[in-house]
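A.B. asks: Produce the entire structure from the sequences given, and follow the hints as far as they go.
As given, the protein sequences belong to chains A and B, one line each in that order. Residue numbers for the first sequence follow the working numbering, beginning at 5 and rising by one. Residue numbers for the second sequence follow the working numbering, beginning at 5 and rising by one.
Rather than coming from a laboratory, the hints here were simulated on the basis of the structure. It is possible that some hints are incorrect.
Copies of the same chain look alike in the list, so a pair counts if it works inside one copy or between any two.
As the list claims (entries may be wrong) - For lysine-lysine, the following BS3-like pairs were computed, each having C-alpha atoms within a straight-line distance of at most 27 Å: (1) Lys186 x Lys336; (2) Lys336 x Lys180; (3) Lys146 x Lys6; (4) Lys91 x Lys241; (5) Lys146 x Lys180; (6) Lys325 x Lys292; (7) Lys165 x Lys91; (8) Lys281 x Lys180; (9) Lys336 x Lys241; (10) Lys146 x Lys91.
Number of protein chains: 2
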Amino acid sequence: MKEIRMEHGAGGEKMRELLNLILNYFVRSAEVRSTEEEKERSEKSEAGVKVGDKDGMRSAVEVSLEDMDDAAVVEGVVFTTDSYTVKPLFFPGGDIGSLAIAGTVNDISVMGASPLCISVAFVIEEGFPMRDFERILESMRKTCEEAGVEIVTGDTKVVEKGAVDRMIVTTSAVGKRSEALKRNFDEVRKFREVRREWLLDSNIREGDAIIVSGYIGDHGVALLAAREGISFHADVKSDVAPLNKMIEGALEEGGIVAMKDPTRGGLSNALNEFAAKSGVGIIIEEEKIPVRASVRNACEMLGIDPLEIGNEGKVVLAVVKEKAEAVLDALKQDKRGRDAEIIGYATKDVKGVVMKTCVGSHRIVEPPVGDPVPRIC
Amino acid sequence: MKEIRMEHGAGGEKMRELLNLILNYFVRSAEVRSTEEEKERSEKSEAGVKVGDKDGMRSAVEVSLEDMDDAAVVEGVVFTTDSYTVKPLFFPGGDIGSLAIAGTVNDISVMGASPLCISVAFVIEEGFPMRDFERILESMRKTCEEAGVEIVTGDTKVVEKGAVDRMIVTTSAVGKRSEALKRNFDEVRKFREVRREWLLDSNIREGDAIIVSGYIGDHGVALLAAREGISFHADVKSDVAPLNKMIEGALEEGGIVAMKDPTRGGLSNALNEFAAKSGVGIIIEEEKIPVRASVRNACEMLGIDPLEIGNEGKVVLAVVKEKAEAVLDALKQDKRGRDAEIIGYATKDVKGVVMKTCVGSHRIVEPPVGDPVPRIC
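C.D. replies: Below, the structure is given as C-alpha cells:
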C-alpha cells in the first residue's frame with residue numbers, strides 16, 4: 005500500500021486492510037484477541053466494566069475500536085461517527101441531511117441503544133447556495149423529528165472553491181442502552197447463552213435466523229440514477245430513514261442477538277462480517293431476498309450485484325430461531341419494516357456466506373472488493 | 005445571504021449570522037432567551053435536569069446548541085465535534101492529526117469536563133500517500149497518549165481526486181464532569197453566586213479577572229509561514245497541545261467561572277463572546293498580553309492583528325478576583341501554562357472589549373469580521 009485508493013473506502017476487503025493499519029496505531033495491541041482473552045473480557049463486561057490500565061484513568065470500554073462494530077460503548081455511553089460525502093447532495097427520496105441524521109441514528113440503534121443527541125459538523129465550499137443549505141437544514145430537522153432526537157452541538161467550516169466538492173457533513177451521536185435491550189436478551193437466554201449484551205456482529209451462533217427488514221439496493225440504484233441521469237422505467241427512491249422506532253419495536257418482542265445496517269458493501273458485506281466475527285457460516289436463499297424488479301433490472305443492465313449495493317434504511321438481524329417469526333411480525337408492524345423477510349440461517353455446514361440461487365445452485369457470496377457505486381453515503 | 009462565503013466560517017460576526025440561521029432550524033425556539041427564562045432554566049439545571057417535552061422522551065439538555073459554547077451537556081454527558089480542514093496538513097509544531105485530537109480534547113476540557121473517549125472520521129482524497137497517512141496516525145496516537153484519552157470509534161471515506169483537498173478529519177468527543185469541577189465552584193461560592201456549574205461563557209460578572217494561559221498568535225503565524233513559505237527570522241511553531249491536564253490542575257485550585265480556547269477569531273473573538281454572553285464589559289491591558297516578538301513582527305509585516313489569529317494550545321479564563329493569583333500560579337505549574345498572565349478584568353464601566361494600549365490610549369477590540377488567516381484549523 006503506497007497510497008490510498010478508492011477501494012480502501014469501499015466497505016470490503018481492501019477497506020479491512022486499511023482499518024487494520026489504523027488499528028495498529030490506535031489500539032495498544034492490534035493482535036486479534038485469542039478466544040481466551042475474549043472470554044475473560046466478556047466475563048468482565050458482564051460484570052459491568054473492563055477496567056483500563058492507563059495512567060490511573062479508569063476507562064470502561066465495553067465495545068471498542070477493535071470490535072469494528074457500528075458504534076463503541078464506553079461507561080455505558082454508546083458513541084458513533086460518520087462522514088457523509090454523497091454525490092449528488094440531493095437525490096430521489098432524500099439528501100445529505102436526511103442521510104447523515106438517519107445513518108447516525110441507525111448506527112446507534114443497531115447496537116441496541118437509543119439515540120440521545122447528535123452533533124453535526126459541516127465543511128462547505130465557498131459559494132454554496134444558501135437556498136440549498138437551508139433545504140439540507142430543513143431535511144435534517146425533519147429527520148431528527150421523526151427519530152425523536154435533538155442536535156445539540158456542531159461546527160461549521162467554510163473552505164475556498166475546489167477544496168471540497170460542495171459539502172461534507174459529519175454527524176456523531178451519543179446513545180444509551182435501550183430499555184428494551186435487557187428484556188430482549190432475557191428472551192434470548194430462554195433458548196441459549198449469550199456473552200455480551202449488545203447487538204454485536206460476533207453474537208451469532210449456529211441455528212440463528214437471518215432477517216432483512218425490507219427491499220435491498222434502493223439507495224444505491226437511486227443514487228446512481230440521479231448521478232448518471234439514467235432512468236430505469238420505474239422510479240427508484242432511496243430508502244434513507246431513521247430506524248430507531250422500528251428497532252425498538254423488534255427489541256420489545258425479544259430474541260435478537262445481532263443487528264447491522266447494510267450500508268457500504270451492502271448485504272453481502274454485512275453478512276460476511278456476521279460470519280467472520282461470529283465464526284459461523286451463513287446460508288441465504290436468493291428467492292427470499294427482497295429486491296424490487298426495477299432494482300434488479302437496473303443492476304443487470306449495469307452489471308452490478310444488488311447484494312453489494314449500499315442501503316440506508318434497512319437492517320439485517322440475527323435472531324434465535326425460536327423467535328424468528330415473532331420478530332419478523334414485530335418488524336412488519338412498522339412501515340419501515342413491512343417488507344421484512346427471513347432470508348436464511350447460521351450454520352456450521354458451510355464457511356462464509358453461501359446463497360442458494362433461484363435456479364437451485366449454490367453461490368459463494370464473497371465480501372465485495374471494490375465499490376460498485378462510490379460516494380453513496 | 006444568497007451564498008455561503010469565507011467570512012461565514014471565520015469565527016466572527018458573519019459566522020454568528022450563519023449560526024443563527026442554523027439555530028432557526030435546529031432549535032424549536034430560536035429567540036434569545038429572556039432573563040426570566042434563563043433564570044428558570046438555570047434553577048432546573050441546578051436541580052439536575054431540564055425536562056424536554058418532545059414525544060414523551062425525556063431529554064435533559066443542560067448546555068444546548070443555543071448556548072453556542074464549546075460543547076453540549078446532555079444527561080451529564082459532555083459532547084463536542086469539530087471538522088479540521090487545516091492547510092498545509094503538516095506545519096511546524098504539529099499536523100492535522102495532533103490538531104484534531106488536541107482541539108477536541110480542549111473543547112471538552114474548557115467546559116470543566118474530562119474527556120472520556122474520541123471518535124475520528126477521515127475523508128481522504130484518492131492517491132493520498134500512505135506514508136503521510138501513517139505520520140498523521142502516529143501523531144494522533146501520541147496526542148491521545150499525552151491527553152490520556154482513547155479513540156474508540158471512527159469512519160473512513162475515500163473520495164475521488166479533486167473532491168477534497170487532500171484530507172479532512174472530524175473528531176468528536178464525549179466527556180464527563182471533572183471531579184474537580186464541584187470543588188472549583190465551591191471555591192467560587194465563597195465569594196459570589198454562580199448559576200450554572202459548568203465553565204460557561206455566560207458566567208462572568210463584574211470584577212472577575214481575565215487570564216490567558218500563554219503566548220498568543222503562534223499557531224496562526226506558524227501556519228501562515230508554512231503555507232506561504234515566509235520566514236520570520238525567528239522560527240514560530242504552532243502551540244497545538246491537549247490542555248486537559250493543565251486545566252484540571254487549575255480547577256483543583258478553584259474559583260474559575262468561564263473558560264474558552266481562543267481558536268478561530270483568536271483572543272479578540274473569545275473575549276467578545278465572554279462580554280456579549282455574560283452582559284459585562286472587559287478591559288484588557290496590551291502590555292500584559294503575552295505575544296512573542298517574532299509573532300508581533302510577523303503580524304506587523306502582514307498587517308494582521310495578533311489578537312485575531314487562532315491559537316490551538318491556549319485558554320482564556322475568567323476567575324473570581326480573590327482567586328486570580330492562585331489560579332495563575334496553578335497554571336504556571338504546568339509546562340503548557342508557564343507563560344500565563346492576568347490580562348484584565350470584567351467591568352460595567354465599558355461595553356464590549358476595550359484595550360489599554362502600550363502608549364496609554366484606549367482601543368475598542370471589535371469581534372473580527374473576516375479571518376486574517378483562513379484554514380488554520
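A.B. asks: If a hint holds in the structure, say so; if it doesn't, say that too.
C.D. replies: For each hint, the structure was consulted:
no., hint, verdict
1, Lys186 x Lys336, "within (22 Å within a copy, 49 Å between copies)"
2, Lys336 x Lys180, "within (25 Å within a copy, 39 Å between copies)"
3, Lys146 x Lys6, "between (43 Å within a copy, 23 Å between copies)"
4, Lys91 x Lys241, "within (15 Å within a copy, 38 Å between copies)"
5, Lys146 x Lys180, "within (22 Å within a copy, 30 Å between copies)"
6, Lys325 x Lys292, "within (17 Å within a copy, 72 Å between copies)"
7, Lys165 x Lys91, "both (17 Å within a copy, 14 Å between copies)"
8, Lys281 x Lys180, "within (24 Å within a copy, 32 Å between copies)"
9, Lys336 x Lys241, "within (20 Å within a copy, 60 Å between copies)"
10, Lys146 x Lys91, "within (21 Å within a copy, 35 Å between copies)"
In this structure, every one of the numbered hints holds.
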